[in-house]
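> Build the full structure now, drawing on both the sequences and the hints.
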Amino acid sequence: METPQSLVYLRPVKASELDLLITWTNDIEHTSEYNFFGYKHVDYIREEYAKNGLLDPRGGSLLVIEKLSDDILGTVGYHQISYGPNDGSKVYNIGISLSPEHRNKGYGSEAQRLFAAYLFETYTIMRIEASTDISNLAEQRALEKAGFSREGIARQAQWRKGAWHDLMVYSKLRGEV
30 METPQSLVYL RPVKASELDL LITWTNDIEH TSEYNFFGYK HVDYIREEYA
80 KNGLLDPRGG SLLVIEKLSD DILGTVGYHQ ISYGPNDGSK VYNIGISLSP
130 EHRNKGYGSE AQRLFAAYLF ETYTIMRIEA STDISNLAEQ RALEKAGFSR
180 EGIARQAQWR KGAWHDLMVY SKLRGEV
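All the letters of the sequence shown, read from the start, carry residue numbers 30 to 206 under my numbering.
Keep in mind the hints are simulated off the structure, nothing from the lab. Misleading hints may appear alongside valid ones.
DSSO-like mimics (lysine-lysine), calculated; alpha carbons at most 27 Å apart, straight line [to be verified]:
| id | residue 1 | residue 2 |
| --- | --- | --- |
| 1 | K43 | K80 |
| 2 | K174 | K119 |
| 3 | K174 | K134 |
| 4 | K43 | K69 |
| 5 | K134 | K96 |
| 6 | K134 | K43 |
| 7 | K80 | K119 |
| 8 | K96 | K174 |
| 9 | K43 | K96 |
| 10 | K69 | K190 |
| 11 | K80 | K69 |
Pair by pair, the computed Cβ-Cβ distance ranges are [said to hold, decoys possible]:
| id | residue 1 | residue 2 | range |
| --- | --- | --- | --- |
| 12 | G117 | S178 | 17 to 23 Å |
| 13 | A44 | R87 | 18 to 24 Å |
| 14 | E150 | W188 | 31 to 37 Å |
| 15 | Y152 | A192 | 29 to 35 Å |
| 16 | S45 | E95 | 14 to 20 Å |
| 17 | I57 | T153 | 33 to 39 Å |
Quick caveat, the model's predicted, so the values are computed rather than measured. Here a beta-carbon is modelled for each residue, glycine too, at the ideal position from N, C-alpha and C.
The following block contains the structure:
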């Protein structure tokens, strides 16, 4: 998924790329301090890939690829959350993880804009959310550049690095540019 002026495009993970994702899973430098939630057993990546190619209505991941070089820059992912018991109350919460050398170059905002467009085209949802640590100003700027609206602070919503953290919450609704 891309547009003519895109710096990046998104695509599904190939089986030959699973080892890279597994390496990144427990690499704090790759995931960043904001995305590391403790070490994980990595067999689940291969198991999920075997089941659904890492794309499922409940959640999944795509690769972020640099358009000019075809280099893998990182991943975007989503998981389903719900504000009620019916299907119409389901939304996706998204996240991004770029390798350190690819951060602060505009890739993140573009990837998240493309990702939101992909999710709206693929699933019957009205809302996409993203949240980031209140001190992660770079991600807040990236989300705003990607067309997300700041909604407020979710106080002490995330347990990470042995402490509770406040999150800045963003959303994008179907039809919003």
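> Out of the numbered hints, which ones does the structure contradict?
none
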